[in-house]
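Here's the letter readout for the chains.
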Amino acid sequence: MAITFPETHATHDDAARMLAMRRAGLWLFFFSETILFGLLLAARFFLTGIEAEPLDQEVGLAITVILLLSSVTAFSGEVAIRKGRQKAASWWFVATIVLGFLFFAGVAYEWSIAHFSRENPFGTVFFAMTGTHALHVLSGLVMFLLLIPHVIKGKFTPTNYWAVQAVVMYWHFVDVVWVIFYPALYLVQGVD
Amino acid sequence: MHAVGTISGGVALSLMGFYLGIGLTALIRALIGYDPWHQELAIVIGFVFGLVGWLMGIGMWSQWGREWFGLKTYTPHMGGWQRYFMFNHDHKVIGIQYLVTFSVIFLLAGFLAMLMRAELAQAESQILTNAQFNSIMSLHGIMMVAVAVAAVIGGFGNYAVPLMIGADDMAFPRLNALTFWLVPPVAVLLLLTPVMGGLETGWTAYPPLSVVTNQSQVLFNLAVITFGLTSILGGLNFIITIIFMRAPGMTWGKLPIFVWSMFATAWLALLYTQGFAVGLAMILLDRVAGMSFFRAVEGGDPLLYQHIFWFYSHPAVYIMIVPGFGLALEIISHFARKPLFAYRYAVGGFLGIMGLGGAVWAHHMFTSGMPNFLHGPFMVLTEAISIPTGLVFLAALGTIWMGRLWLTTPMLFALAVIFNFALGGVTGIFLADVPTDIHLHDTYFVVAHFHYTIVGGEIFAMFAALYYFFPKMTGRMYNETLGKIHFWWMFVGFNVTFFVMHWPGIQGMNRRIADYPDSLEPVNLLISLTAFALGASFLVFIYNIINSWIRGPVAEDNPWGARTLEWQTTSPPPLHNFPRPPRVVGHPYDYGVPDSVHGVFDDEPVPPPAHAPAGAPAGGGGGGG
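As you go down the protein sequences, you meet chains R and F in turn. For the first sequence, position 162 matches number 174 in the numbering used here, and the numbering has no gaps at all. For the second sequence, position 293 matches number 854 in the numbering used here, and the numbering has no gaps at all.
Possibly wrong hints are sitting among the right ones.
To be verified - No farther apart than 20 Å at their CA atoms in a straight line, the calculated lysine to any residue pairs in the SDA-like style are these:
id: 1; chain 1: R; residue 1: Lys99; chain 2: R; residue 2: His24
id: 2; chain 1: F; residue 1: Lys633; chain 2: R; residue 2: Ile160
id: 3; chain 1: R; residue 1: Lys95; chain 2: R; residue 2: Asp25
id: 4; chain 1: R; residue 1: Lys167; chain 2: F; residue 2: Arg627
id: 5; chain 1: R; residue 1: Lys165; chain 2: R; residue 2: Gly50
id: 6; chain 1: R; residue 1: Lys167; chain 2: R; residue 2: Trp103
id: 7; chain 1: F; residue 1: Lys633; chain 2: R; residue 2: Lys95
id: 8; chain 1: F; residue 1: Lys633; chain 2: R; residue 2: Lys99
id: 9; chain 1: R; residue 1: Lys167; chain 2: R; residue 2: Val106
id: 10; chain 1: R; residue 1: Lys167; chain 2: F; residue 2: Lys1045
id: 11; chain 1: R; residue 1: Lys165; chain 2: F; residue 2: Glu628
id: 12; chain 1: R; residue 1: Lys165; chain 2: R; residue 2: Leu150
id: 13; chain 1: R; residue 1: Lys167; chain 2: R; residue 2: Ala178
id: 14; chain 1: F; residue 1: Lys633; chain 2: R; residue 2: Trp103
id: 15; chain 1: F; residue 1: Lys633; chain 2: R; residue 2: Trp123
id: 16; chain 1: R; residue 1: Lys165; chain 2: F; residue 2: His650
id: 17; chain 1: R; residue 1: Lys95; chain 2: R; residue 2: Lys167
id: 18; chain 1: F; residue 1: Lys633; chain 2: R; residue 2: Asp25
id: 19; chain 1: F; residue 1: Lys633; chain 2: R; residue 2: Tyr173
id: 20; chain 1: R; residue 1: Lys167; chain 2: F; residue 2: Glu628
id: 21; chain 1: F; residue 1: Lys1045; chain 2: F; residue 2: Ile990
id: 22; chain 1: R; residue 1: Lys165; chain 2: F; residue 2: Lys1045
id: 23; chain 1: F; residue 1: Lys633; chain 2: R; residue 2: Trp174
id: 24; chain 1: F; residue 1: Lys633; chain 2: R; residue 2: Met181
id: 25; chain 1: F; residue 1: Lys633; chain 2: R; residue 2: Leu158
id: 26; chain 1: R; residue 1: Lys165; chain 2: F; residue 2: Trp1110
id: 27; chain 1: R; residue 1: Lys99; chain 2: R; residue 2: Asp25
id: 28; chain 1: R; residue 1: Lys167; chain 2: F; residue 2: Leu632
id: 29; chain 1: R; residue 1: Lys167; chain 2: F; residue 2: Trp1110
id: 30; chain 1: R; residue 1: Lys167; chain 2: F; residue 2: Arg965
id: 31; chain 1: F; residue 1: Lys633; chain 2: R; residue 2: Val106
id: 32; chain 1: F; residue 1: Lys633; chain 2: F; residue 2: Val654
id: 33; chain 1: R; residue 1: Lys165; chain 2: F; residue 2: Arg627
id: 34; chain 1: F; residue 1: Lys1045; chain 2: F; residue 2: Met940
id: 35; chain 1: R; residue 1: Lys167; chain 2: F; residue 2: Thr567
id: 36; chain 1: F; residue 1: Lys1045; chain 2: F; residue 2: Val1061
id: 37; chain 1: F; residue 1: Lys1045; chain 2: F; residue 2: Pro938
id: 38; chain 1: F; residue 1: Lys633; chain 2: F; residue 2: Glu685
id: 39; chain 1: R; residue 1: Lys167; chain 2: R; residue 2: Leu147
Don't read these hints as lab results, they were simulated from the structure.
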């Protein structure tokens, strides 16, 4: 693994080194965020064991599918950038934003129809986990919104598109978190 | 536009953000039909907006944020003292910003300790009410924890790590500046807590009290969560810097030991700091959003907080002490003029502490009512951590052994680290052992133990490093006599104060309480008097540092004759650290090895390989010295 650069001096002018550092830095950020989500997940099982209030399974399945699809569109956008198709990429990212917003709206709908209150322990962990995750989705949406003007202006080239990579990786990360949270909240049910 | 990028710009934008946040909160609540005014929610949202405004105003917008919108960024270049009061990317400036800020916080928090000791000099209540005592005790705790977490890492880590590895700066210079400028809002929030009712919960903020106490708790939580962000982003930056920014030839086996300790510490800070932030965020949710993480009435569980809190706060003591060990070993090796003994074992010790540190937290909870089956494993794991710590001691003692010790002020402080921490470690065994801990839990024995490890370990190492790097940082030399007076005064004051403090602890004197049984009055009076003496020792330090910074004699580039890279450049170093890029050819601590050098600069010939293989076990050959 090219983890050292023994032949060159360490400066910030070295594009390859900068890219490697940024990539590794983003991964460290993900590790760090994993602990945050992991503690929330642990709190869910600590407080309520495997008990859960009934949730609307159709809404849960729908928003999960939507979020997974949005990861596909985000990835397609990144591939389009890599192939030099800026315009296609911007449409893929618009699709990602739409799907992300649909997910966000789905969570809001689930909140509005929840029959349990946030004072109930399951309600506490449910609202805290989905809320924290939704905030991350929202920040991802803001990043995509900031990204699209750059894509339209043609700022990214097939060899130089770190900002796109970073935002798409972040989006995948948020998606993976949901892949863990979804079963922990919707599918785990207490045994009577 | 140029007003944005100064402290006044930051203050203006943060106030605007704060009121905007409060206004938006009230507006949205009014729109959805709630009572518009919810004070704690308004504080939280206002703070978030105000924090963003502060960062943007201090220079993040002009130097970073404009980039997000495709605008051109501009970085002002200022010389002189002004460069310390702006969003500066230079790691050396940031290091000194951290050091000065946290020295001030250290002295303030130390003054609070003096107030507590004045109250505790006699039984019953004299100068402080119980509420004032609680507030002062809590503030002392959290401010000192902040100093312990950030002064060495943020100060010496930022200053020395890039220099030691031969880099021109940290990996992410703007992120580095961001971590420092998150600190002033934290300080403002903490200093505002007394006017919001005063903290009651100590720095640990245990529920249920923290959920129901006054609103200063909200400020505390916001401050500590923000401070956690500093710690996490700083840790991330150090890891990437150490992996990617090393000079050519600086292999992992040739890293100075302080850099290794920072590497281990950075992982701990990156991966565990969330615990405190998540726990405090849960308290905020309980208070502001009416949730019930910790409200037992609704089915929550206060024990959850203790688990989450100690999941961070035990590794936090390793975040504090490991860089202290690193500095002590570094300084001991340079001043013993000997290769660092068992270099690889010391590195293994740091990595072992890093690995085990996250698996011992529940030893703080033996009396909390957690399940009994957890007691045994956590006791064994906690005691197992003395093994990697022992490796660090092995390295220190092996280096001192038969060394020609040059007893300057930094060396005296570094030796004191080893002495004090040994005592702190021995008393730790009684706290790790379940049967003795049941008796000693929450007594002054714990206070004494904790101060022996962190003050005696890390803070002494911080002073060692302050004197050690002072000529490098300022280009001037401190007064050696005053430095030694400071050392002996502080060392004796510290040891008497805290050694005696074990005794009332064993007698059952509760910590964090403003009163105690009359029978303990004589010993408390003694502790108070020696504590005042300890506090007075810092006056010598303040005088020496300020006086030497202004009119001390000009220092040489390498007054200590040390081999590591930071001493091979000028004092103070130029903007990008090295006039010519360094290349590393030998081990940093091969003192006395003929023909060996650590770093060379590029238009110099590379010397032939040293006799000893680089990075040989047990510190390599020590002959010829």
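Verification of the hints:
1. For the suggested pair Lys99(R) and His24(R), the alpha carbons sit about 31 Å apart, so the restraint of at most 20 Å is broken.
2. Distance check on the hinted pair: Lys633(F) and Ile160(R) sit about 18 Å apart at the alpha-carbon level, within 20 Å; holds.
3. A threshold of 20 Å between alpha carbons decides the hint, and for Lys95(R) with Asp25(R) the separation of about 26 Å lies outside it, so the pair is violated.
4. Taking the CA atoms of Lys167(R) and Arg627(F), the gap is about 15 Å. The hint holds against a cut of 20 Å.
5. For the given pair, Lys165(R) sits about 39 Å from Gly50(R) by alpha-carbon distance, which is inconsistent with the 20 Å threshold.
6. For the hint linking Lys167(R) to Trp103(R), the alpha-carbon distance of about 16 Å falls within 20 Å, and the restraint holds.
7. For the suggested pair Lys633(F) and Lys95(R), the alpha carbons sit about 27 Å apart, so the restraint of at most 20 Å is broken.
8. Our distance criterion of 20 Å between C-alpha atoms is broken by Lys633(F) and Lys99(R), whose separation comes to about 24 Å.
9. For the given pair, Lys167(R) sits about 17 Å from Val106(R) by alpha-carbon distance, which is consistent with the 20 Å threshold.
10. Our distance criterion of 20 Å between C-alpha atoms is broken by Lys167(R) and Lys1045(F), whose separation comes to about 60 Å.
11. Taking the CA atoms of Lys165(R) and Glu628(F), the gap is about 14 Å. The hint holds against a cut of 20 Å.
12. A threshold of 20 Å between alpha carbons decides the hint, and for Lys165(R) with Leu150(R) the separation of about 24 Å lies outside it, so the pair is violated.
13. Between Lys167(R) and Ala178(R) the alpha-carbon distance is near 15 Å, which keeps this suggested pair within the 20 Å criterion.
14. For the hint linking Lys633(F) to Trp103(R), the alpha-carbon distance of about 26 Å lies beyond 20 Å, and the restraint is violated.
15. Note on Lys633(F) and Trp123(R): the hinted pairing is violated, with a Cα-Cα distance of about 42 Å set against a maximum of 20 Å.
16. Taking the CA atoms of Lys165(R) and His650(F), the gap is near 29 Å; set against the 20 Å cutoff, the hint is violated.
17. Between Lys95(R) and Lys167(R), the direct Cα distance comes to roughly 14 Å. Compliance with the 20 Å bound is thereby established for this hinted pair.
18. A C-alpha spacing of about 18 Å is found between Lys633(F) and Asp25(R), which places the hinted pair at or below 20 Å, so the restraint holds.
19. For the hint linking Lys633(F) to Tyr173(R), the alpha-carbon distance of about 18 Å falls within 20 Å, and the restraint holds.
20. For the hint linking Lys167(R) to Glu628(F), the alpha-carbon distance of about 12 Å falls within 20 Å, and the restraint holds.
21. Annotation: proposed proximity of Lys1045(F) to Ile990(F) is violated, straight-line Cα distance about 32 Å (limit 20 Å).
22. Between the alpha carbons of Lys165(R) and Lys1045(F) the distance comes to roughly 64 Å, so the proposed pair goes past 20 Å and is violated.
23. Distance restraint check for Lys633(F) and Trp174(R): the Cα-Cα separation of roughly 18 Å lies within the 20 Å cut-off, and the hinted pair is therefore satisfied.
24. For the proposed pair Lys633(F) and Met181(R), the alpha carbon gap of about 26 Å is over 20 Å, so the pair is violated.
25. Taking the CA atoms of Lys633(F) and Leu158(R), the gap is near 15 Å; set against the 20 Å cutoff, the hint holds.
26. Of the pairs offered as hints, the one joining Lys165(R) and Trp1110(F) is violated, with about 52 Å between alpha carbons and a cut-off of 20 Å exceeded.
27. For the given pair, Lys99(R) sits about 30 Å from Asp25(R) by alpha-carbon distance, which is inconsistent with the 20 Å threshold.
28. Of the supplied pair hints, the one linking Lys167(R) and Leu632(F) holds, its CA atoms being roughly 12 Å apart against a limit of 20 Å.
29. For the proposed pair Lys167(R) and Trp1110(F), the alpha carbon gap of about 48 Å is over 20 Å, so the pair is violated.
30. Annotation: proposed proximity of Lys167(R) to Arg965(F) is violated, straight-line Cα distance about 61 Å (limit 20 Å).
31. The suggested pairing of Lys633(F) with Val106(R) is violated, with an alpha-carbon distance near 25 Å, which exceeds 20 Å.
32. Straight-line distance between C-alpha atoms of Lys633(F) and Val654(F) comes to about 24 Å, which puts the hinted pair past the 20 Å bound.
33. Proximity of Lys165(R) to Arg627(F) is assessed by CA-CA distance (about 16 Å); at most 20 Å being required, the pair is judged to hold.
34. With a CA separation close to 40 Å, the supplied pair Lys1045(F) and Met940(F) exceeds the 20 Å bound.
35. About 31 Å separates the Cα atoms of Lys167(R) and Thr567(F), which puts this hinted pair outside 20 Å; it is violated.
36. Restraint check: the Cα-Cα separation between Lys1045(F) and Val1061(F) comes to about 24 Å, which exceeds 20 Å; the hinted pair is violated.
37. In summary, the hint linking Lys1045(F) to Pro938(F) is not supported, as the alpha carbons are separated by about 44 Å, beyond the 20 Å threshold.
38. Proposed proximity of Lys633(F) and Glu685(F) is contradicted: the alpha carbons are some 64 Å apart, above 20 Å.
39. A distance of roughly 28 Å separates the Cα atoms of Lys167(R) and Leu147(R); the hinted pair therefore is violated under the 20 Å criterion.
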